[in-house]
Amino acid sequence: MTSKKTKKTRLPVAMPDSLELAGDRVVPLQYFHNEERHPKGDGPWNDEADKIGWVDEPTGIHCIILRERDGTLSGFAGVGPDHPLYGFEADAVPSGIGISVHGGLNYAKPCEANVPEQISVCHVPSNAELRRTRARMGRNSTKDEFGDRDLWWFGFTTDHEGDYVPIHGSANRFDGIEIYRDQDFVYREVVKLASQLSAVGGSSEMDDALHIDGPIAMLGPAREGSDDDGQ
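Those letters in the sequence shown? Residues 0 to 230, per numbering that gives the first Met the number 0, in order.
Hint data in this document are derived by calculation from the structure and do not stem from the laboratory. Please read these numbers as outputs of a predicted model, since none were measured by experiment. Glycine included, C-beta positions come from ideal geometry on N, C-alpha and C. Any given hint could turn out to be false.
Computed beta-carbon distance windows for the label pairs [as the list claims (entries may be wrong)]:
#	residue 1	residue 2	range
1	Ala198	Ala91	29 to 39 Å
2	Asp181	Glu116	16 to 26 Å
3	Ser17	Ile176	30 to 40 Å
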């Protein structure tokens, strides 16, 4: 008698009511496990999610921790059209205004509205939107309806020199020589970024830096829709 081998599938994980990240209690508005991106083998990533979206309570800024294809975690914070840095490319943000995160800013883009939610860098729903969605679709749903797609996202990665990149290592061979930047580490950097972005425009030095550098550095509306990415 022959037996059929069945493909092992990972059961979906319900979005928790709250999470503890680096000692803070966070209410997730997006929460995903992504088998395709989650590192293989045992390691500090074992109990981590692959995407968490929330609103930073002190600043009101939307934040995301996202697993990249190489197994590392990246962090993002989004600002609206009224923010002084809205539309700025990452390398055009004036150095004098105090934006400092792990490895430096290397991401600045509008919301990825047409990318699947579990891998997108796009804003999370407000509490009111979330309540309406949960009432309509059930408590465990993480699907949302975005009422506003205008956020501009700044972000950073954890694949720099000295960072442990899971896809470059062997399964079950994590030795700690390089440092895996875990969920708590990335969370601390994201909320620091949110705090820094919230403070932009709050001092005369920042206003002066933005006034001098802003018009030249800003990514204008005409370029946002351009297909000429190589220029």
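**Item:** Those earlier numbered hints the structure runs against, lowest number first
**Value:** 1
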